[in-house]
Amino acid sequence: MRPRLSLPTRIFLFSFAAVCIVAGGGFWTLNQAIRGKIKDRLKESFQMSGKLLDDVAARYRRRSIQMLSVLSENAGLKAALGLLREVPQDQKESVQIRKTIEATLFEIGRGLEYQLMLVTDSSGRPVAGTVNRLWGTIPVEPLPASFDPSPLIEVQGALYEATTVPINLGTENLGSLTVAREFDIASWSPSGKTVLLEKGTVLRSTFPASVLPEVQSQLRSKCSAGQDSCELTVSGENYLVLPLDRTDWAADEKLYGFQSLDAAMKDFTRDFVGLFLWIGFAGVTGALMLGYVGSRSVSKPITDLILRLKESQNRGRLPSDFPTDSAIDEVNLLASAMNEAAQALAVSNEQLDRANLEFLETMARALDARDPYTAGHSDRVSANSTAIAQAMGLPDKEVEIIRIGAKMHDIGKIGIRDTVLQKRGPLNEEEFALIKLHPQIGKRILEKVGSFQEYLPIVELHHEDFDGRGYPYGLRGEQIPLGVRIVHVADVYDAVTSDRAYRAAMAPERVLEILMGGSGTQFDPAVVDIFLCLLRERQTLDRLLTEVQSETCYGQPIRS
Amino acid sequence: MPPPVPFAASLNQLKQRFEPGLVIIPVGSTVSFPNEDPIFHNVFSLSPARQFDLGYYPAGETRELKFDQAGIVQVYCHLHSDMNAAIVVVPTPWYTQPDEHASFSFSTVPAGSYTVVVWHKSAGFFRRKVQVSDQSPVALSFEIPIQEAPSQ
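Heads up: the sequence lines are chains A and B, in that order.
Take the position in the first sequence, starting the count at 1, then add 456; the result is the number in my numbering.
Take the second sequence: its letter number 137 is residue 135 in my numbering, and every next letter is one higher.
Chain B extracted, bound-state conformation (with noise of 0.2 Å):
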């Protein structure tokens, strides 16, 4: 398995929401986080995978991140409680994000024996393995039970 590639991300702070919802990053890579919103903003994550707080910080400033470790790392926003993505931190080159028909496909991935993992936010985590051959594509799909949070 060839060792994933870094990059430099961002999660911007727009709107009093994150910008985009979910950042995929291969371990090693950095993310950003400018605040983009006339407002403070105070973005903070609990997550063992990485735990920062980045303090009060005011519009057109941002800070700087780099992230080691694989795993999920929900972040926050002190001063505005619905503000929440994740990052995900994956230790591999092959990863991608559904499209909007919920499909998704690799295509360099050689044959050999593999082990694929699903994160939904509030379904988890599912895992599948596969044996991927030279010849013909391998098909695969999972079902994530999703529930919606009740109206108050």
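Here chain A stands alone, though its shape is the one from the complex (with noise of 0.2 Å):
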């Protein structure tokens, strides 16, 4: 199901969310690009500081070498070696001069540096070594049995970066001699770690023992020979991983330096991140107020036309005045749309009214029109109530509501049968209560049309006299609106003043005593007053009204 969202929220969301993506992108970005940075610039230091390692691991051999150029011309040693080839090995002799070759590697190592020492004969089967231990230097016992002079060694247990060189008697070889140093692999990463490995085996590290095994497989699958540099992932915490040449060292051999890019970029980072945090707090804080600026500047005029719309449809009314003075161009159009839509609808529903209305005045007249004596007689009703309320000052919207309301005043009568209501003669009870229907049905029959309600009144309560005793309700008085009790003494005065079938048209005087004598009982006084004033405006009964005087019909109180 698609989420609703009001619109305000909607464009809120949008914007509030574009604003959240570009600027969490561009810290992303940033956070990358800085990560390779921070990557390369250590990549680069690394780079340098193991060339500036391997330099002084060069320099340190070829001083070494030096140095056992020097060592190795020793006369004592060669005469040794060269003595022992000519003894048995199992020999008594052969274990003395072994014994002097070890003294004079004491004599020789006094005061260097190197931690172990050792002469091999010219089949490369160690003689003699001297080792420094703790406690003072000592002879290696055991001699290994075999000693292969690579630059790196182990020699019980311990790994050692090892010169050698040969000892020769003018073109001829007699052994070697090798001086070595403790291979401390600590020293050459001090800020991370190293690993050294022979053939894919890890053979020391500074890891710890047990990410071991985690550290020599990755080493092998990530990073392949030839590669400058490749990133490990060890208990969770990222490594820059770089190969440590050292050019003197067998291809079986590598190491490999591990800086933590973690630490590196958290190194960089903390300087930072106070900053970061306020533009990241900033940035969010202005998305927000942007985002809610904008999407109240774009859905303010159209919630304001909804609102409008929801007033009016309170109203029952559509009005054709919305605003379309908005900022924004579609709203306006909207608007203006929306007014020519309700000028439209107002036109047809006029229309409406009017086809309604013409129908049901047409209809009035018709039913007048059956009997010859009522012919006319809704619409000299109309005339006469119209005139009256014109007279009695009644707004043009009133007058204009009693006129129509007294053209249909009878218009329940369709419901009645004719034989009743063209009776000749003196109505029964149950014919009476008959015709007393006429006002509810008339009532029932407009109700239908929507725009007819302020026409109910005069339908249904036109035979409401004003002491109560009229019908359908026995409403009195004030309780009976102005309009029905104008349209009641009009009604009235055409009854008798008509021809019947069962009479003829009264005489002036009994209309005038019928109209004087309903005063205050049948009929409303004040309006009796306007339309006698009215009736003798219009010269009509005017020889006889000579005793009621009264210079103009307007300017009398009303009543209502």
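None of the hints are false.
Cut-off 30 Å, straight-line C-alpha distance, at most; resulting in silico cross-link-like pairs (DSS-like, lysine-lysine):
1) A:Lys766 - A:Lys904
2) A:Lys853 - A:Lys899
3) A:Lys495 - A:Lys507
4) A:Lys548 - B:Lys119
5) A:Lys904 - A:Lys892
6) A:Lys722 - A:Lys499
7) A:Lys892 - A:Lys879
8) B:Lys64 - A:Lys555
9) A:Lys555 - B:Lys119
10) A:Lys548 - B:Lys64
11) A:Lys507 - A:Lys678
12) A:Lys879 - A:Lys899
Bear in mind the hints are in silico, worked out from the structure with no lab data behind them.
Model, not experiment: these values are computed from the prediction.
Fit the two chains together into the complex; they arrive one by one in their own frames, and the hints show the way.
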């Protein structure tokens, strides 16, 4: 299901989300860029220090070779080695010669910084060696069975960086002299970790032993030969790994330096974290405010419009005066379109009302015309009612309601049988009861049409008497609307001034009598007064009204 | 086998070398070690056949030693580690050093059964039995594997 969100929420969310995404993306990119830069820097410094260390090591090795060249030019050593060849290995002399060589090593090694010295014969078999311990220099015992003069050697479980030179006598080789110092793996990457790999197996490392299998397998899979760097993750920490080149080493042995990227990143960002957080906070706040203002500026005119529409819904009318001065063109277009629609609707409603009205008026006239005696009744009642209302100074709108209402006041008679309606003779009780139903029937007919609500009281109540003796409800006095009271007088007047099947039109004296006599009982006296005045003004009853002294019908007090 | 005839040989120290590098003498011979360099030398040997240390002596002086035991005597100088010579003390009258073509011959050996011993200072000893007759000379050849010293 699609979430339903209000326009402002939608706009707000989208603009806010966009800003957040841009800001987030920016941060991410920045972070990546910084990470990349740091990586480069790290690599650079790493390579530089690696080169430096290698240079130092190479220099050390050169110096060792120079030193060895001097040391190996020892006549005693040479004489002993030369002698060793001529005596069988297991003889007493052999042991003695080895001791002699050992003593020579003690002698020449004194004061030098080497931790291991080793002499081999011409076939590479070690013949004597000395090693430095905390408590002093001691002979290497037992001697290793064989010795491979590589730059990295393992003697009695310890790893040494070794330099070896041959001991020559002229063009003849007598053996070799090796000096070595213990290989300190930690010195190679003081700020990080170091791993020494021999044929893919970790030989030495500054990592704790528990993570070594992980380090070894990752080094094998991710850091192939020839790469100038690679990245590993050990125990959740990211490392930049660089092979530390040792120019004098064999290909089997590889030294890898590890520098923690995370630590470097942390080091770098520590100073900026506060600033970053501030920028982030300001960015989010700015995005919130912009989003809010933006959504408000877009949705306000529309929500205003909706509010006005709702109001008009409550009032039941669609106004055609929506403001078209909004800052948003589209909203103005919408408002003017609605105005046009409202106008068109009003016009068509009006036309519909008029058609309804005309139809009903026609019905009323047709009803009147069924009986020659009542023909024109509705029109006449309407005309007189209108005249009275105008004379009483009612507003035009009410006068209009009275005019139309009066035309339709007897519409309910549609529902009364002709035999009753056109009976020429006094009505019995049952027939009169039927006749008395016509106001309510009329009301029911008209109430179906929404715009005719204002005519209902005239139709329903035009037989209510001022003293409460009328029908159908027996309302009295002010309970009956003024318009109804007016129509009541005009109705009765027309009835008595018209011929009926059962009697002729009454004489003017009789009519006057009925009007004046009914004033205060059947009729509203104020209405009767005005009507009589009107009648006098029309000079219809001029001569009979001499005793009713009045200059003008207008200006009479209105009791409504 | 007639006894070898001793004689007096000389091993000079010249231009910081022993000259000649190889001296072959019969048992009982004497060798003098004259220093003909303008510098000191200190000639010594650790070889069991004749261990000695002649000490420092300057130019113009000499020392003399008698060699009574057969064997190889490697001679060095304490001051100059590259100086080396070998004195081969032989218990037989028949001894020789191959010429520049690596060939050697003996002409005065009577018929009989012998062992020919060849020694090279780095390759060591090589032995072979040989039957010498009166009629025709015996041809012998030895393959001596020699390792060149690696350069520094």
